[in-house]
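Visitor: Taken in sequence, the protein lines are chains A, B and C.
If you count the first sequence from 1, position 739 lands on 739 in UniProt numbering, and the numbers rise without skipping.
If you count the second sequence from 1, position 307 lands on 307 in UniProt numbering, and the numbers rise without skipping.
If you count the third sequence from 1, position 100 lands on 100 in UniProt numbering, and the numbers rise without skipping.
Keep in mind the hints are simulated off the structure, nothing from the lab.
Because the structure is a prediction, the values reported are computed rather than measured.
All the given hints hold, so there is nothing to weed out.
In silico lysine-lysine, PhoX-like type, Cα no more than 20 Å apart, as pairs:
| no. | chain 1 | residue 1 | chain 2 | residue 2 |
| --- | --- | --- | --- | --- |
| 1 | C | LYS166 | A | LYS129 |
| 2 | C | LYS166 | A | LYS132 |
| 3 | C | LYS47 | C | LYS129 |
From the derived model, a few chain B residues whose C-beta atoms are all more than 10 Å from chain C:
| no. | residue |
| --- | --- |
| 4 | GLY48 |
| 5 | ARG150 |
| 6 | LEU322 |
| 7 | ASP371 |
For every residue, glycine included, the Cβ atom is placed at its ideal position computed from N, Cα and C.
Letter by letter, the chains look like this.
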Amino acid sequence: MGKFYIDDQEVNFEPGQNVLQAALKAGINAPYFCYHEALGSAGACRMCTMELEPTKEGENSRLVVTCLQAAQDGQRYRLNKGIGDHVRQGVVEYYMTRHPHDCPVCDEAGDCQLQDMTILSHHTYRRFKGAKRTYMDQPMGPLIYNTANRCITCYRCTRFYQDYALGDDFGVYASGNRTTFRRSEEGHFDSPFSGNLIDVCPTGTFTDKVFRRKFSRTWQLEKNESICGHCSVGCHTEPGGRDNSLRRVHPFPNTKVNAHFICDRGRFGEHFSEANDRPLSAQINGVVVDNQKALDHIKDILTKSAGRIGILSSPDEDVSCHYALANIAEHFNGLFSPFVMPQTEDRTAAALALSRNTPSLTDIETADGAIIVGALTETAPMMDLAVRQLIKAGKTVHMLHASPTLLADIVRKQHPDQIHQAAPKNWAQIISSFDASHEAEEMGPNLFANLDTGKRIIILGVAVEMDIASMHALHDLCQAFENKQLTVQLGFALNGANATGSAMISAQYPSKQLLDAVRKKEIDTLMVCGADPFGFGAADWLPAREHIKQLIVFDNVNSPTLQIADVILPHATWSERRGISINYEGRIQGFNHAYQRAGTLTAVNLATALIGISANNFYEQQHNNIETLTGLNELHYNGCQCLNLHTQFEGRAEANQVSIDTNKDSVQVVRLTWHGGSNKASYATALASIKPWKDNIIYLHPDTAKRLQLNAETKLKLGNPTNANDNPINRSGMDQAFPIILNDNVAVDCLALTRTTLHHVGHLVNAIIPIDKLSIIAKEG
Amino acid sequence: MDKILSRNFHHPHPLNIDEYQQAGGYRSLDSIIGQPRKELLATLKNSGLRGCGGAGFSTGLKWSFKAPDAPHPVYLVVNLDEAEPGSFKDRQVLYRDPHTIIEGVIASSYILEADKAFIFIRGEYRKGAQGLEAAVNEAKAAGLLGYNIRNSGWNLEIDVHLSAGRYICGEETALLNAIEGYRANPRAKPPFPIAKGLWGSPTIVNNVETICHVPFILHKGIEWFQNQGTNGAYGSHIFQVSGPVKNPGFFELPLGTTAREIIYEHAGGLLEGRELIGFLPGGASTQFMLPKDLDIPMHWDGPPTVGARLGTGGIIVMDDSLCPIDFMINLMQFFTRESCGFCTPCRDGLPFVKYQLEKFETGEADMTDIDTLRELCDIIYPNTFCAFAPGALMPIKSGMDKFETLFHQHIDNHGCTHPSHTPSTDAINNKVDC
Amino acid sequence: MYKLIQEIFGGFIVTLKHAFRPRDTIQYPEQRKARSERFRGRIVLTKDPDGQERCVSCYLCSSVCPVDCIDIQGTEDENERRYPAKFDINFSRCILCGLCEEACPTLAIQLTQDYEFCSTNREKLLYHKEDLLIDGTGKHPDYSFYHHAGVPIKGKAIGDNPDEQKPVDVYTNLP
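Modelling step: build the complete structure from the supplied sequences, incorporating the hints.
Guide: Take a look at the structure:
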């Protein structure tokens, strides 16, 4: 704590800060290029040079780079007076000796740090008239565009990609003034965080290729702070739209959740709202009508079917949407549920009930050790980025997973002994063996043996892959660690951005009730919002389709459910509406629209049209509801308040404990997903084009293949899936045989399938198939 | 003066360990290993030995910066990355008497309590490195390296490390990065290598010639060492002379010998019909000295009296057969290529300086270009990440001062009128290179 | 009395004098006054000497326009050369100030000497790109922006400009 002076202006600083950091925090326009708050100082650009006045008689003032200078009390710097200005102008002039004359055709113009610093340093005229050095551009995939000539060699890209995000397919080449930054070979990046290169690069070297197709200058965009709707972390983003379309998504720097970066799924996945086949107008039986006519029609249907109505939402939709639909359901004596599958609801509620002192992303980054269960990168990529900071600091990270996950690849490089691959049915047992008090185990001996007391461990589980027994095992593990005087924080990555909010509401509107009513044929009118019950992973719902006479779908993607709908209403996306989302920590975050899409509706619009409640009344009612439900007085939606998960979800971890299958003669189906695949993001064409997994293929470990006697000449038929009542479900894919691909990163005794393939065959995630039900068929030809 | 580094050079081939010991080698270790380190360090400090790598920092003082309770492992790094143009002294002792190096390393490591010593050799000296490695193996077999050397309780391992190329590896922190396997970019100082060097451990980096002097000073005493020099300097030094002289080469002479003696006596003077215009006293990154400075003694305090520095003692002679501005462009060509590319003023500013110089040669320059060139030198100099660019600009800055009239002539004559000037020396419109 | 007559007739004489002076009136529309080269008249979009559109949809003109009468949506063709998919100027708003011409970095948008484009229908004053694009180079016959920019276009690869070096070979080990 102390203060120093820049141009006689007082600047306060905290111990450990450097001069530039303190100056920027105080709001001074100090110039810089290569410094970044998350990436640290490099000292490469020399732009932050300031003159340090002498303290003793007879000494000269000297030039220091403020990003490498630790702030000390009483120092006096000259920024705009003295020779610093001259020196900084020189630095910009050197950049201009090789920077191309690209501003009019450069995507970054208007948002460009080089432009800003040039103006700030008052450099005007380039005296260098020699030849500029050039580079060939490298194709870097469908998401990022490279123009290497514009590089100012600040090293930020490689400091982010290699040092912060631990990627290794991108780096620095050559030396001297031919230094360039590129991938080792052409093609898209391997890292799930490659989109951040666009923000981190101060010039237009790395630009957003998806934005480029619908380009607009940044000052013309309608922007607002919003919450990402693609995973349960709930990062703060800044979508920018113009003229009825989304143009780009940037991270919104904040101190609550994600600081400076977002993952590719949040950045490029949001462009699902630009898909060519997005429903943008209402339809009745395939005929396009205007919204009012469709709403009248729906009101008609609901009135006539009162008492036999079901409304289904999903964890991908926000709290306001749920409340609005719940109100509509109650008005017409119908049932509502925010979850499609009771299984998902139970798992989500159990995970929230069993969470202990859920770690935020910052907590994860600063912990002393971690245990990760499940494919974390593919479910909540930003949590993975936080865990990578742990790995970088040399802390112990153990992973237990069944399907391939990028985080395991990183840990495996240095510590292959810290990776445990096993089928999910065995996880509860393995987790129990992690208990430090057990000795002489074949799996996981004393995991954090060399940690002193008082250190903090975080445990993260992927709820959708775990059964409730293994979640309990994790909870018990916390207790065991605490007995060893370690602090433990347990959190779960959930499926769906608003899974917590949905689980909170589902206490009053359980999905089992709705599903049972449908099965008992008590419901013949179904409204579906943002969910896909007749598409992915909902084998339980398809048999019910024939009992539904009217299917109304209110969505913003062309899902399989939408394709068989009777009435379609266009739904606004999160960037286009306001709402409230609750993330995996219970953090209550409100968001407002960044731009508006003409012709789309929100659930609140629906409530107004169908049951007559005004928007203001609705929001007031909702506010009271949430306050009552959460027990929070003075509720704010700025992301500073968290639910008390323990009290909120008390008692919901006991339901439906599935017995562990110790049958050794079975295989387990696991979900194969990737960092860009969420329910909505899979409709974003550019992002979906780099999906690493193929559909209609079964991936398995070579040992499993050997055991089942499968090879490249054979195909595997999975047999009929059965539902919870053991009734066979007729799916189109049940007779299909799939070729196999061997993959070392799939756990033994597991069959890994993509969601599309799962939907095709009708099996549920984590379904257990006895081996005798599998059939092996020789490939033809 | 007793020869130190070149004392065994008269042998037809490098001495193996037996021959070396017969010729009196490794005897200094008797008075070093087992002696209290504090006393040895004090002796070294008082002797006045200064680093021979170019900076000339007092070796004893540098070594005394290591904390007495510094955590182990402690590393000694010997800098044999002799890439400075005009400097070829270290090559001699590497190829012709590797055991001298090893003796120096053992003595220095003992004083510093180093656990491992790296000898970092320029990539082009591959055969010399192989010879050194063989010598290291011989020393190991003879019990001079390894565990508990001569029952002193101290261990030493020597690792001969061959560089992958590049001049910047001679910069001490870039050298450390190169040994660790990273890009040879320099590191920010503080923290200094003596506190946090190789892999975060205390590391001392010294030039090989300095290291080779250490056992002799400790064995033969301060008085002997101080008598080795002349004109007020202590010790001897290998001076090298290159350029249009009759007898270019290296000469081990007392520190303080005048440049006149070195160039005209030992190197035989300039070739017939050539006239001395100026010379760089210590390799390419030093300032010009003029013929009137020939009588300045070549020791650490001599050249600074005329704004130059001793550097490595590699004298590059410049005669009237070429234009000094062309000479400077040639130097800049080297430096622009060898920049590591980390910081902007060096990576992009040095090519700009070269471009400005070329304007004089092609005749496109005017009076403002002199000011521009001076301004460039002034604002690049204090604003770089390491000392590479300041070194690169030293000949340019001094050239602008000492050959000022020449620059004006180039402007008035619209280009270079030197008989050696050909259009092919114009690189302004050359699309190749920086 | 004499003064009275003097004043009245003096006035008449002035009128008579002016009656025989040469007229300043120009008989428009049969005669038209020549405009200066920098006269700010109707806006056109020009092409460069190679016959390609100059406009690269940088959005500078629409941003500097003080009355927001320019609307642009940019896109790129199959060779990644940027051009405006939509370029509308609402001439009922345009004040012909010329700021767009000043701002344009590629010398695409220019103001001509034509001022005779009024209409009785406001809708007809909304000019689209096909109404604005001309085949010539306008006032600047020699300038092609892409011959100074670093981005490649069809017919000009990276490194082909007179002020550029050939692209760096990143695979060489030489310094």
